[in-house]
Amino acid sequence: MDAEATRLKELNRQMNQMSRMVETFDARLKALEGGHVPILDPKTQPAKQSYAKVTGPPVTPRIPSIAPPPKTILKSLKPGKAIIHSVPEKSEVQNLARGFLVQRANEVLEKLDAKVEGERIAIRAAQVLKSGDVCFFSKNKAHQKWLMENKHTWSKQVHPDLEATPSTFSVIAHGIPKDFNPLAASAITRLSVKNNFAEGDLLRPRPPQCFKCLKMGHFGQWCREKARCGKCGDEHVTKDCPEGIGGIKSCVLCKEGLKMKIEGIDSIDHTPFNVTCFFKKAWLKKKHNRSQ
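Residue numbers for the sequence shown follow the UniProt record's numbering, so the first one is 1 and each next one is one higher.
Derived by calculation from the structure, the hints in this document are not laboratory data. Just so you know, not all the hints are guaranteed correct.
Calculated pairs, DSSO-like style, for lysine-lysine (alpha carbon to alpha carbon, straight line, at most 27 Å) [said to hold, decoys possible]:
no., residue 1, residue 2
1, 226, 194
2, 249, 261
3, 130, 145
Ranges of calculated distance between the beta carbons of each label pair, as one might list FRET restraints [what the hints assert, rightly or not]:
no., residue 1, residue 2, range
4, 183, 92, 41 to 49 Å
5, 273, 224, 15 to 23 Å
6, 87, 217, 16 to 24 Å
7, 148, 273, 26 to 34 Å
8, 196, 94, 41 to 49 Å
We treat Cβ as the ideally placed atom computed from N, Cα and C, and that holds for glycine.
All chains should be modelled from the sequences, with the hints used to inform the complete structure.
Following this line, the structure appears as structure tokens:
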């Protein structure tokens, strides 16, 4: 009996000891949970300052003492672009390597001894555009000006398919008789008298519109689109229409637009060259927005 009582007493003591240990562990766990500090994201933690920054004088941003160059100087230093047209009927230029065009152009310019203020003009790069035309990049705008003013001199020597002949006349007119001679002084005088304007009047050129495909933004000489008649809508230029020239009463562009259910077209009772044409108004509006 004494041995059993002693064993129970020892067991009770051990149970009490374990109970106190559990209570102590529970108290420590609550204390840790109460004093928990959330770990900050490394991105949100403040950066450590260096010793030199802490002990040195405060750093304040300084205003530049040198004024930036004016826009005119910056513009003059930009690379110049000289775009030379290629013959629309041929596509050989599009297959040429850009390196060949640069090398050939520089050879031609060196042979011509092309210089601006004693500095030799050189082509730095070339790009064949989607239209088939070639864009030659020069050092600056001064070199570009020389290239454009003398394009008819050097472009043909680079490749025979490049077209850069100077403009023969500065005025484009429709409906002029074939026997009209623009070089005759009497013809110019007669033209001005018949149209009630003086020979010295200021020329206000209209936006470019192609007489071949009737679209805006380019002239027929460099057009690569299919021809479209402004009278019957077939694939030929308007002057070759079997129905004859003149008498255009409706717009073939707006007719096609109505078939394609383009929104905004409300009339076809005009010619493709009239300012009331939907496509012409849209092009002019887009051009105006770009200039603002």
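So, going through the hints one by one against the coordinates:
1. 226 to 194: With a Cα-Cα distance of about 35 Å, the restraint between residue 226 and residue 194 is violated, given a limit of 27 Å.
2. 249 to 261: holds, 21 Å
3. 130 to 145: Judged against 27 Å, a Cα distance of about 24 Å means the pair holds.
4. 183 to 92: 41 to 49 Å: Check failed, 35 Å falls outside 41 to 49 Å.
5. 273 to 224: 15 to 23 Å: holds, 21 Å
6. 87 to 217: 16 to 24 Å: holds, 20 Å
7. 148 to 273: 26 to 34 Å: Because 29 Å falls inside the window, the suggested range holds.
8. 196 to 94: 41 to 49 Å: holds, 47 Å
Consistency note: the structure conflicts with the earlier hints numbered 1 and 4.
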